[in-house]
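Q: Given the structure of chain A, go ahead and fit chain B onto it with the hints provided.
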Amino acid sequence: LNPRHLIWIRRGSQAFFLLLFLFLLIESRLPHDVIIDYSLAVTSDQDLAIEGPVGFFFQLDPLVVLSSLLSGHHLIKGFWWAIALLLVTLFLGRVFCGFICPLGTIHNLLSFVKPALKGERMVSANQKSPGQRIKYFLLIAVLFGAVMGTNFAGLLDPISMLFRSVALAVMPGIGAGVREVFEWMAGSNFKLLNLTAYAEVLLAPVFGYVYKTFQAAWFIGLIFLVVLFLNRIRPRFWCRFLCPLGALLGLFSRFTILKLEKDQDRCTGCNACTRSCQGAAGPEPGKQWENAECLVCFNCFDACPEGALAFRLRLRSPRLNKKPDMGRRAVLAGILAGVSIPLLGRLDGIVHKVSDPRLIRPPGSLPEGDFLTLCQRCGLCMKVCPTNVINPTLAEAGMAGFWTPHLVMTQGYCEYTCTLCGDVCPTGAIAGFSVRDKIERPIKIGSAYIDRGRCLPWSGNGPCIVCEEHCPTSPKAIYFKNDVVAGPDGAENQVQLPFVDLKRCVGCGICEFKCPVKGRPAIRVISAGESRSLENRILL
Amino acid sequence: MNEGITRRSAIKRMLGISGTVAFSALTGWPFGGVVDLRAENTGRRFMVEGRGRTRDYSVKALVNKVFDEAGGIARFISRGDVVAIKPNISWARSPDLAAATNPEVLEGVIELCYEAGAKKVRIADHTIHDARRCFAITGAGSVAKMTGAELVFPRSSLMKEMKINGHRLDVWPVFIPLVEADKLINIPVAKDHGLSTLTLGIKNWMGGVGGRRYALHQDIHQTIVDLAQFFKPTLTLIDATRIMVSNGPSGGSASDVMVRDTLILSNDQVAADALAAGLFGIKAEDLGFIRLGEKWGLGTSDFRKLNLKEVIL
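Top to bottom, those sequences are chains A and B.
Oh and the first sequence: position 152 is 168 in our numbering, straight run, nothing missing.
Oh and the second sequence: position 303 is 306 in our numbering, straight run, nothing missing.
Because the hints were derived from the structure by calculation, they are not lab data.
Each residue gets a CB set at the ideal place from its N, CA and C atoms; glycine is no exception.
One thing to keep in mind: the hints can contain errors.
Lysine to aspartate or glutamate pairs mimicking EDC-like chemistry, simulated, CA-CA at most 16 Å apart [to be verified]:
1. B/K163 / A/E196
2. B/K163 / B/E183
3. B/K166 / B/E153
4. A/K207 / B/E183
5. B/K63 / B/E107
6. B/K163 / A/E67
7. B/K308 / B/E297
Heads up, incomplete: computed chain A residues facing chain B, CB under 7 Å, no partners named [unchecked claim]:
8. D279
9. D281
10. C480
11. Y495
Next comes chain A alone, as it looks inside the complex (with noise of 0.2 Å):
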């Protein structure tokens, strides 16, 4: 095959899996979203769910599999693509990081647009330096963190990275930008201002119907940015120094029958296949092709003037590629972190005694301690819940649940009959459930309970009714007590007194969100009651 086709063909996939991986993540969503198609049926039991596959990279990603198999001995659903992707890697090497990888095509097109550096200095650049073992050091500090039942494989895993960054800062940064647009049209008095705000009708869907807040994603965008500043650097900085993933698949390429075959007769030592390496994996003659850093881009094939280099299948004598180069210092580092962090991750108790009242999971979520085993905080919940109730932590889950999703009820709600983390959730850190399972089981999550201090009836400031109005339960799980309370002028007023039934109370959360007392409301719910923790159930 010509270099060149070659490398319309990788463009080509990379363009195709980037689109494929934005197309999933807005599809992550309430399905029959447009507004103008409404075919849902109308009386049927069925659940709203989510039709099409927006767990795919997931289930691609050899990391998420690996990591999900050693800390929560379960093989997430969809796991062979991972396992079809270790095969190719066996033997193509790491076109996953080449051809497929949404991250790495971002990196890609950033060096590409803009190149750090140029001419001599790109080419010293390029050249393979020892700071390319600290992703082995993470991939082995992620491994045994998970094997030690803390998983934070999610928070270095390019495609939990991405999605978790464009689903909770990108996408959501834009679309309040876009909003703003939006009301200020609406708000103008030019009638053709007026009539073209209804183009909201096409944005939101993809931006969000409403204004999408997540606590701290300023942070997790921050974050993000700086990971793609860091292409200014070196090319695909991320890909060659950080990336556990590629890592791993450096690993499995071992033995990958996709070779550089280099002709040292007919190089001339110009620097061109260097120049344009994008792993920093020694491209040129009289140098050692590193097939674990090499990211099977083929711009060296391409750049070559003499052609002095090929890809080329070589079944033979694969024990001749050369071995990755790890560092003994960086796989005992990567133990010895991987081992410590989990146990500092349990010293805040959060785990083994008693969690904080803010860390509401989602329903479904697994017990506190195996659900640390799996949730990769890939922002797929967050991403899909209707209300915008599901955020990440800060502190709320300890320093082993950073960027866990956690419900503020300020926010948000957890709608009575919808499943869709359940649904979404790659991992099953969050078990899918049924609206059958939630209703009838029923699925706690928290209780609520009354601040009489700053209820409207219970203080004497006037009726309010707006919790008990609220409540999706059936019996409702507040009710009314009949009283007389003594108002702000003396005067005695007939109220009605809310009261939590816990035997009913789901923990919801929409009394909380609906509450006419905003910031701390009148009504809040806590983590105390949720169903998925024994120890933190309240009634016998």
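A: Same frame as chain A, now just chain B:
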């Protein structure tokens, strides 16, 4: 002499121009942009009560019959009208739980409107649960799809502050499609309610506004009467095919529901509610919003005074 424009004078001029624009925008807002197109509800007051007595009667046929008895849809909807329909689809509950307007009633009315030559029919409700889920689960979505009516998503940009001129409410954000229409039809479902005792036609206007509407509950009877007075529907059609008798307004269990197979059509909001209250065995004068509605002249609670007709299918 043709003098060049200095930077200073250019800035001055620009400030002048933008200031004028801003000032005119300020003075015009928020009442300039939205014009109440609806004519005052005139004509004799009437009331039709339709009951489905036969087994497997068709709800749509009952809707047709009720409108026929009232003098035909053409009496209310003219050719080329934009019709806004305000159902109660606030809760994402399936139709059999009676938390939302029966989709068959909705469908029947929309088809009649189109038959009468309506240019456009819009279904608009500011839902409580996520609107997309409400649209799908209450069946309003499929009705929109089948009939070709436009189901308006309650976007925040469609909530505009308007002068309510009520006794309790002055200025409040209103869901604009309900105002920018030639005719407005209120199609509530009859339900139990923890604060207002019942939610019928007048209470349904809570779903026609935005803003801090949870605060309206602090004086619910007066605020919903203010809203009813503001919206002035052409017609009110109370859906009592299934009514929610307990655990309202959200319900959630089949045991909360009673089948009454009744539709109440009137151009008097108060009278329609008064008649519907009887279905729950509640006296009209015990309901605060009916008393207030009558007091402020929205209608009469003594529905027998109206030209009450009954149809049975």
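Q: Taking the hints in turn, state whether each one holds.
A: Okay, the hints, checked on the actual structure:
Of the supplied pair hints, the one linking B/K163 and A/E196 holds, its CA atoms being roughly 15 Å apart against a limit of 16 Å. Restraint check for B/K163 and B/E183: satisfied, since their Cα atoms lie roughly 12 Å apart, inside the 16 Å limit. Under the criterion of a C-alpha separation no larger than 16 Å, the hint pairing B/K166 with B/E153 is inconsistent with the structure, at around 26 Å. Between A/K207 and B/E183 the alpha-carbon distance is near 13 Å, which keeps this suggested pair within the 16 Å criterion.
For the suggested pair B/K63 and B/E107, the alpha carbons sit about 6 Å apart, so the restraint of at most 16 Å is met. Distance restraint check for B/K163 and A/E67: the Cα-Cα separation of roughly 36 Å exceeds the 16 Å cut-off, and the hinted pair is therefore not satisfied. With a C-alpha separation of about 13 Å, the suggested pairing of B/K308 with B/E297 holds against the 16 Å cut-off. Annotation: A/D279 was flagged as interfacial toward chain B, and the flag is violated, the nearest CB pair being 61 Å apart, outside 7 Å.
Among the interface hints, the one on A/D281 is violated; its C-beta lies about 67 Å from the nearest C-beta in chain B, farther than the 7 Å criterion. For the restraint placing A/C480 at the interface with chain B, the shortest Cβ-Cβ distance is roughly 5 Å, inside the 7 Å limit, so the hint holds. Taking 7 Å as the C-beta cut-off, the interface hint given for A/Y495 is violated, the closest approach to chain B being about 9 Å.
Of the hints listed earlier, those the structure fails to meet are numbers 3, 6, 8, 9, 11, in rising order.
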